[in-house]
Amino acid sequence: MQVGNDNLIIEEILSGKTDLFRILIDRYQRLVAHIVFRLIPNPTDREEMCQEIFIKVYQHLATFKFNSKLSTWIGRIAFNTCMNQLRKEKNSLFADLYFSDDEKKDQSGGEIQFHSQITQSQPDTASEKADRNHKIQECIAQLPSPYRLILTMFHLDELSYQEIAEITGLTEGTIKSHLFRGRKLLKEKLVFEFKGEEIWT
Amino acid sequence: MDLNHLSDEQIQKYLDHAESENRSEIENHLRKCSFCTHTLQIYKEIYHQLDNDSIPDLSKNFSRTLVAKITAQQDKKTFFWENIIFFFLLLVSAVGTSYLINPMPLLRTIIKPLLDFYNSTMGQVQVQLNGGLMIIAGGIIILILYELLYNKLLKYRS
Chain S
1 MQVGNDNLII
11 EEILSGKTDL
21 FRILIDRYQR
31 LVAHIVFRLI
41 PNPTDREEMC
51 QEIFIKVYQH
61 LATFKFNSKL
71 STWIGRIAFN
81 TCMNQLRKEK
91 NSLFADLYFS
101 DDEKKDQSGG
111 EIQFHSQITQ
121 SQPDTASEKA
131 DRNHKIQECI
141 AQLPSPYRLI
151 LTMFHLDELS
161 YQEIAEITGL
171 TEGTIKSHLF
181 RGRKLLKEKL
191 VFEFKGEEIW
201 T
Chain H
1 MDLNHLSDEQ
11 IQKYLDHAES
21 ENRSEIENHL
31 RKCSFCTHTL
41 QIYKEIYHQL
51 DNDSIPDLSK
61 NFSRTLVAKI
71 TAQQDKKTFF
81 WENIIFFFLL
91 LVSAVGTSYL
101 INPMPLLRTI
111 IKPLLDFYNS
121 TMGQVQVQLN
131 GGLMIIAGGI
141 IILILYELLY
151 NKLLKYRS
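If you read the protein sequences in the order shown, they are chains S and H. Mapped onto the working numbering, the consecutive letters of the first sequence carry residue numbers 1 to 201. Mapped onto the working numbering, the consecutive letters of the second sequence carry residue numbers 1 to 158.
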């Protein structure tokens with residue numbers, strides 16, 4: 001229903017009703033913001049980057065052929081714009097995915113420690129739960145940006161493997177691998193963060 | 001499976017509902033193994049946090065401001081081309097009127113310098129820059145200056 005609706009809105013915009021572009025912005029600004037906020041490190045550049053992306057979307061709207069979902073098409077423009085910006089700043093996005101062997105050892109060490117650190121679970125108090133949630137959010141924030149981006153698109157935006165692959169240009173296999181490694185890394189970070197504490201009920 | 005703990009991959013696939021064949025086997029294992037149950041709980045919490053992760057929103061008037069910006073840019077482009085067309089029509093009507101009143105001097109003014117332009121050297125071109133060409137060159141300069149001024153005005157308006 002939304003796809004058909006999108007098509008109608010696009011036709012109206014292309015016929016000169018520029019104001020209707022607001023509907024598309026409101027509909028997809030969350031996805032664009034998620035991609036930008038995950039990839040652009042400088043907070044002051046983010047909103048401007050979102051504007052630039054939507055201006056590009058508007059300028060190229062006539063070239064959208066309805067072969068894919070509009071969300072995927074907009075997502076791809078957002079991803080490519082961010083990547084170009086990062087390239088300009090010589091900020092290699094995927095460089096932090098390739099860990100050195102030492103780092104790999106450190107990260108896998110978390111799982112071994114886990115055996116000895118589990119204690120009997122007890123009910124959480126509200127403040128403990130809030131504290132725990134805060135620490136989990138911090139751990140998410142510390143993940144390498146490609147993992148965070150793919151985890152966000154999968155969990156928060158509820159995009160499929162195929163849609164994420166279309167946006168990022170990665171294969172579905174790579175997407176699945178990044179999702180798995182991202183969550184595992186997160187688990188290991190959490191186990192390390194909460195070592196010796198009773199963490200989950 | 002009963003002897004070994006579940007791998008991270010098996011637990012994640014179980015939570016993703018991607019492990020349809022071994023599902024009951026995994027559930028049997030989880031009933032018996034407190035370690036794997038605990039790992040499952042950690043992953044459940046991670047999934048919950050990721051599903052409810054908070055990313056700051058864009059400013060409230062984001063779409064309104066952006067559409068206003070796009071419309072202003074469009075108006076500016078339209079305005080520029082309207083000016084070009086207006087100037088062109090003005091030139092055509094001026095030339096047309098001159099031609100109807102007294103065609104020969106005009107023809108001499110426009111065609112002769114053009115013919116001379118092709119036949120002469122660059123030094124001679126400067127000499128030939130008389131009435132008709134000066135009008136065109138002047139018009140283009142005025143348009144460029146007007147566009148620059150309009151840009152400055154728009155900058156302050158937005």
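Please note that a few of the clues may not be correct.
To be verified - Where chain S lies over chain H, by a calculated footprint (3+ residues, C-beta under 8 Å):
1. 39 to 47
2. 70 to 77
3. 82 to 90
4. 138 to 146
Read the hints as simulated data drawn from the structure, not as lab findings. Built from N, CA and C at the ideal position, the CB exists for glycine as well.
Structure-based check of each hint:
1. 39 to 47: Coverage by chain S holds here, the residue count being 7 at a Cβ distance below 8 Å.
2. 70 to 77: holds (count 3)
3. 82 to 90: Violated - the region 82 to 90 of chain H has 0 residues with a Cβ nearer than 8 Å to chain S, which falls short of three.
4. 138 to 146: This one is violated; 0 residues, fewer than the three required, reach chain S with a Cβ under 8 Å.
Hint compliance for this structure: hints 3 and 4 are broken, all remaining hints hold.
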